[in-house]
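Residues per chain are reported as follows:
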Amino acid sequence: MDNRTYKAIAIGGSAGSMDVLLRLFACLPKKFSLPIIVVCHLHPCDEGGLIEVFTRHAPLIVKEVADKELIQAGHIYFPPANYHLLVERDRTFALSIDAKVNYSRPSIDVFFESAAAVWGDELIGIILTGANKDGAAGIQVIKKHGGLTIAQDPREAAYPAMVQAAIDTGDVDQILCTEEICKFLQMLPVSCTGHVIEE
Amino acid sequence: MKLSDIENLEIDLLLEAIFLRYGYDFRSYARGSIRRRILQFMQMTGVGSVSETIPKIIHDESFFQQMAREFSITVTEMFRDPQMFLALRREIVPLLKSYPYIKVWHAGCATGEEAYSLAILIEEEKLAERTTFFATDFNDNALEKAKEGIFSLDYVQQYSQNYQQAGGKISLSDYYHANYGAMAIKSALKKKITFANHNLVIDQVFTETHLILCRNVMIYFNKELQERVVGLFHESLVYGGFLCLGTKESLLFSKYQNKFREIDTKNKIYQKIA
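Residue numbers (my numbering), protein chains in the order written: chain A, 10 to 208; chain B, 667 to 940.
I should point out that these hints are in silico values taken from the structure, not numbers from a laboratory. Among the hints, a few may not be true.
What the hints assert, rightly or not - In silico BS3-like cross-links for lysine-lysine, where the CA-CA straight-line distance does not exceed 25 Å:
hint, chain 1, residue 1, chain 2, residue 2
1, B, K889, B, K857
2, A, K152, B, K668
3, A, K109, B, K811
4, A, K192, A, K40
5, A, K72, B, K932
6, B, K763, B, K921
7, B, K921, A, K72
8, B, K889, A, K72
9, B, K857, B, K811
10, B, K932, B, K835
11, A, K39, A, K72
12, B, K921, A, K153
Stated by the list, open to error - With the Cβ distance kept under 7 Å, some of the chain B side facing chain A (calculated, not the full set):
hint, residue
13, L891
14, K914
15, F919
Unchecked claim - Here are a few chain A residues that face chain B, going by a calculated C-beta distance under 10 Å:
hint, residue
16, K109
17, A126
18, H154
All of these numbers come straight from a predicted model, not from anything done at the bench. Positions of the beta carbon are idealized from the N, C-alpha and C atoms, including for glycine.
Required output: the full structure, derived from the provided sequences and hints.
Below you can see the structure in the form of structure tokens.
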């Protein structure tokens with residue numbers, strides 16, 4: 010474990026990631042002081058059913074992102090289906106209906122790239138199971154900006170293609186199974202000012 | 667200075683250069699999306715850094731035109747969010763019927779798919795005779811496409827399905843001619859809309875309106891610009907007039923919040939009350 014402090018956690022997941030996310034959320038401490046933002050490939054017509062499920066299983070507040078909403082610590086955010094999610098420099102969310110990227114909207118790459126540009130080396134990017142390669146380019150950008158990159162162990166992933174694509178970029182710092190990601194999150198030296206706007 | 671700060675500085679300079687040289691103001695756009703488009707454009711043209719783009723933009727007008735096209739690519743469809751159009755029909759149309767004449771403003775109409783959707787709804791609800799319909803955008807290329815009213819048939823199945831879910835009374839195919847792989851909107855419907863250039867960033871209100879549609883436009887603006895635009899809409903609407911936003915947009919973070927009543931929370935339809 011390094012001594013760096015982090016301001017946000019970005020998670021990307023696709024096919025098979027529901028179970029992993031439920032396990033990760035269940036292990037989080039109640040006073041977790043970083044925002045967690047999860048971009049999952051959803052059916053374009055999903056109307057928040059996922060939020061309900063996660064709310065029952067997470068100790069933190071789970072919510073669908075509203076455009077221009079301020080990002081707060083201790084929250085788990087999901088973008089609405091059929092919108093890309095981006096972060097602004099004043100730590101607010103922005104949505105977009107730009108064309109799909111990697112056949113996906115929301116796209117993990119789009120979100121990771123914009124989060125890296127805002128949080129730089131204070132961002133943790135985690136890529137989970139999935140059947141395409143969305144997120145690999147995003148992991149590279151997070152790494153380029155000095156952030157920490159983690160991939161779920163492909164041997165454990167229900168659909169290893171997405172984590173493998175990320176690992177193949179050579180920019181993944183740690184390859185961990187779900188239980189190890191849990192431990193990592195629990196031991197994070199979190200910054201108590203994670204939610205403060207600095208600008 | 668961090669890598670991201672340096673890149674941000676470069677983007678500031680580029681947008682400033684574009685504004686000073688050509689008068690197009692992207693400085694108050696949401697940074698995330700505009701940054702993505704700049705980087706995409708750089709990849710397309712093989713320019714190595716944002717800074718290197720700046721002299722090219724200043725000296726080569728065609729290079730700028732190319733970039734401007736990349737900036738204004740819009741994604742739209744007919745009857746996107748059919749539930750919203752259904753709500754318009756059921757909740758708002760009966761209220762609009764109390765006016766002897768109705769002015770409708772579709773702001774940020776891009777290539778017109780949604781404007782024609784609304785024109786169809788107005789037609790089917792028998793409001794067309796007393797309605798004046800303005801559809802505006804800042805992008806002349808998009809406006810030209812909108813006026814032509816010719817769209818790819820690739821999405822027609824989706825559009826038809828949306829139309830039915832939006833409470834469509836006949837068949838979407840009654841409103842266009844299909845040929846050569848394209849759908850051409852019938853001229854009777856095209857005549858119902860006045861397309862005009864209006865830039866939400868700099869232009870003022872041009873008419874009093876009863877219904878304004880501006881969907882998934884303000885997600886591309888920063889908060890200050892969003893406030894300006896909501897202010898324009900507030901000024902333009904009659905007391906009791908309606909404002910329809912994108913289903914994931916809201917007035918929640920706006921100072922105009924108290925001047926509107928949320929009529930339909932899910933479909934983001936607001937009524938001016940002050």
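The hints, checked one at a time:
{"no.": "1", "hint": "B:K889 - B:K857", "verdict": "36 Å, violated"}
{"no.": "2", "hint": "A:K152 - B:K668", "verdict": "13 Å, holds"}
{"no.": "3", "hint": "A:K109 - B:K811", "verdict": "22 Å, holds"}
{"no.": "4", "hint": "A:K192 - A:K40", "verdict": "15 Å, holds"}
{"no.": "5", "hint": "A:K72 - B:K932", "verdict": "15 Å, holds"}
{"no.": "6", "hint": "B:K763 - B:K921", "verdict": "30 Å, violated"}
{"no.": "7", "hint": "B:K921 - A:K72", "verdict": "23 Å, holds"}
{"no.": "8", "hint": "B:K889 - A:K72", "verdict": "21 Å, holds"}
{"no.": "9", "hint": "B:K857 - B:K811", "verdict": "15 Å, holds"}
{"no.": "10", "hint": "B:K932 - B:K835", "verdict": "23 Å, holds"}
{"no.": "11", "hint": "A:K39 - A:K72", "verdict": "16 Å, holds"}
{"no.": "12", "hint": "B:K921 - A:K153", "verdict": "39 Å, violated"}
{"no.": "13", "hint": "L891", "verdict": "11 Å, violated"}
{"no.": "14", "hint": "K914", "verdict": "5 Å, holds"}
{"no.": "15", "hint": "F919", "verdict": "5 Å, holds"}
{"no.": "16", "hint": "K109", "verdict": "9 Å, holds"}
{"no.": "17", "hint": "A126", "verdict": "5 Å, holds"}
{"no.": "18", "hint": "H154", "verdict": "5 Å, holds"}
Consistency note: the structure conflicts with the earlier hints numbered 1, 6, 12 and 13.
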